[in-house]
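Peer 1: All chains, please: the whole structure from these sequences, using the hints.
Top line first, the protein sequences correspond to chains A and B. Residue numbering for the first sequence is 1 to 577, as defined by this note's numbering. Residue numbering for the second sequence is 1 to 158, as defined by this note's numbering.
There may be inaccurate statements among the hints.
Said to hold, decoys possible - The list that follows gives simulated cross-link-like pairs (lysine-lysine, PhoX-like), each with its CA atoms no further than 20 Å apart:
(1) A:K519 <-> A:K367
(2) A:K310 <-> B:K62
(3) A:K331 <-> A:K362
(4) A:K310 <-> B:K90
(5) B:K90 <-> B:K66
(6) A:K142 <-> A:K14
No lab work stands behind these hints, which were simulated from the structure alone. Everything numeric in this text was worked out from a predicted model, so none of it was measured.
Here's the letter readout for the chains.
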Amino acid sequence: MKLNGAQILVDCLKSEGVKHIFGYPGGAVLHIYDALDACTTMDHILVRHEQGAVHAADGYARTSGKCGVALVTSGPGLTNAVTGIATAFTDSIPMVVISGQVPSAVIGSDAFQEVDAVGITRSCVKHNFLVKNADDLAQTVKKAFYIATTGRPGPVLIDVTKDATIAEIDYEGYPETISMRSYQPEVQVNADQVAKAIDIIASARQPIIYSGGGSVIGNASEALTALTRRTGFPITQTLMGLGAYPATDKQSLGMLGMHGTYESNMAMHGSDCVIAIGARFDDRITGNLEKFCPDAKIIHIDIDPSSVGKVVGVDVSVIGQVNDVLRALIKGLENKELPNIDAWWQQINQWREVDSLAYKTKSGVIKPQTAVEALYEVTQGDAIVTSDVGQHQMWAAQYYPFDKPRRWINSGGLGTMGFGLPAAMGAKLAEPELDVACITGDGSIQMMLQELSTMLQFHTPVKIINLNNGYLGMVRQWQEFFYDKRYSMSYMDALPDFVKLAESYGHIGIRVEKEEDLKPALIEAFKQKDRTVFIDIITDPTENVFPMIPSGAGHHEMLLAGRDEMASTNDSGLNLV
Amino acid sequence: MRHIISVQLENESGALSRVSGLFSARGFNIESLTVATTNDPTMSRMTIVSIGDDNIIEQIIKQLNKLIDVVSVTDLTATEHIERELLLVKISLKNDSQAEVDRVLDGFDAKIIDASEEAYTIELAGKSQKINDFIEAFDADKILEVSRTGVTGVCQKI
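Peer 2: See the structure below:
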């Protein structure tokens, strides 16, 4: 069959089962858009900025577990997409991004809207391709999806020259299988390593399971829950891992790390056996490495060998799909008797009594924590919640306990402000039946506001919960603690009227200034099933995120709200920021 | 410690920058890097000399393995291996120094591949230490130009 490159590309995406593409047209991709116009099985979502396209594809991928797809033009189209690509890369999200490129004959001549896309994205993709020949398109698309979705997932960029989309060739159909000698993601779980891990587990007196984003991405929620129940061990989850194990279960200690719970961090510090599952010992998790888990034997389960030993030395590593490894562990534990850990639980329960997430309410002021708790109540804890980056992100993670995986969608690794709104749009398209809430702040929301327009055009009704404190709150918090309250550029003057703004985009806007109005407003908002509602909640401008491990401190050196004076840490600590 | 890492990778455009980009992005050190195609024209072999403690070398090897174009990675220094480097150097013959230069050449089994009244161009292959020793055997002002290939190597095991 004679087809041009653009038609072939569209057929490849169709054959891959793609249903939604997020993109923005431009000169280099006009042939692709022309081919898309004739396609009836895929919906193209026209964003208002390419960064929004990639974040939306990312939110779609995180929610559905499928590969996200974005399409952008050459030059600025690609450079705008880079932040989104890097965000997906850091959090290991499967995604294929297709960018247009100038015609191959003019590559390297500084042509109009030319950038070296493959060069620019090299360090923030799992892999990338430049396709200059229509004959290479089908094979490349097949490889791209294969690479993006297997092993440790990640974004793959396909940069396609305009002439490759125009050329007409004989198309023999989309390849059914692919094999690459240089990329073999299948891993057999090593039984010896599993046996070693079981030996450590079977002699642990103060064990803790530390589960990360890999448990979500690897669809290992069921196995993780089974292992946790079987062992009776306490479990703490990272910001990226929330929801893989039900947060409201009694074995769950909540999140760990910089703003984790007291019981999680103290249990990590006091543990003699840490089972790290799909987690990468990020600096926001470990605090000061010299003080990290001083007495623990560490078992590290991960799909990526390079994660093992990168930050923290481990005693046993088991490489493989998290699901496979957890099932092997469960099987290996079948006839094992584990030591009694009642004393450990008693200790943990004492730490729990500290009630580290307690906060003081103040009359006449809405506490941001209260707003998140109200959202939890109104949505019965069952919404998909996306967030932006900053204080509101931490409060969302702390006060909205997730019981299911793929319900908490946030940029944990790169910390990309502006992520939340387009991600919510992608999430709604992936799960149209579920309520989607975007918890954001007055700083973050303004980074991707324009997508409100896309959300109207493509009918993705979400509820935007804007915790409006008039500050870049996390920056303000650090300036208060570590820079003698010199609030350099963290105050946002001249904020827009978010209610009018929402209305001008065709949505509903509600402002909430009193605590008693909070729940009624949220109930009203979620009644509007078909509308996007922007709920602008005026919150306490001086509230800080607690508990907190100050920089340079260990897990056992947490500061608690209202109980510890926050003193500036020493210089060596600040260097760790 | 110094390690020689041998990498087999797809002979595709951009493969070299993926490797060099990895080293700069992650702050790994490169002492030398050589690359050329192998008997299989679709495959290149790259030999990288790097210095780092065991943890760093382990990370380098793991990160290289993670690159999609990389087929295999071997730490040659972990096994019996042969390493060679090629030197081309121009040595001045001014101020009647020819006899002295000839004496050095005899000691090193070096080859004169081009000669004029003013200078020799000399070729020497060997381990890096031998190349260093050879260069140091001349007075600095006699050395007009030095070009070294960097190390390449193979495992002795068949």
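Peer 1: Are the hints correct? Go through all of them and say.
Peer 2: Consistency of the hints with the structure:
Using a Cα cut-off of 20 Å, the hinted pair K519 of chain A and K367 of chain A holds, with the two alpha carbons roughly 13 Å apart. With a C-alpha separation of about 10 Å, the suggested pair K310 of chain A and K62 of chain B falls inside the 20 Å cut-off, and the hint holds. Taking the CA atoms of K331 of chain A and K362 of chain A, the gap is near 52 Å; set against the 20 Å cutoff, the hint is violated. Taking the CA atoms of K310 of chain A and K90 of chain B, the gap is about 45 Å. The hint is violated against a cut of 20 Å.
For the given pair, K90 of chain B sits about 41 Å from K66 of chain B by alpha-carbon distance, which is inconsistent with the 20 Å threshold. For the hint pairing K142 of chain A with K14 of chain A, the CA-to-CA distance comes to about 12 Å; that is within 20 Å, so the pair holds.
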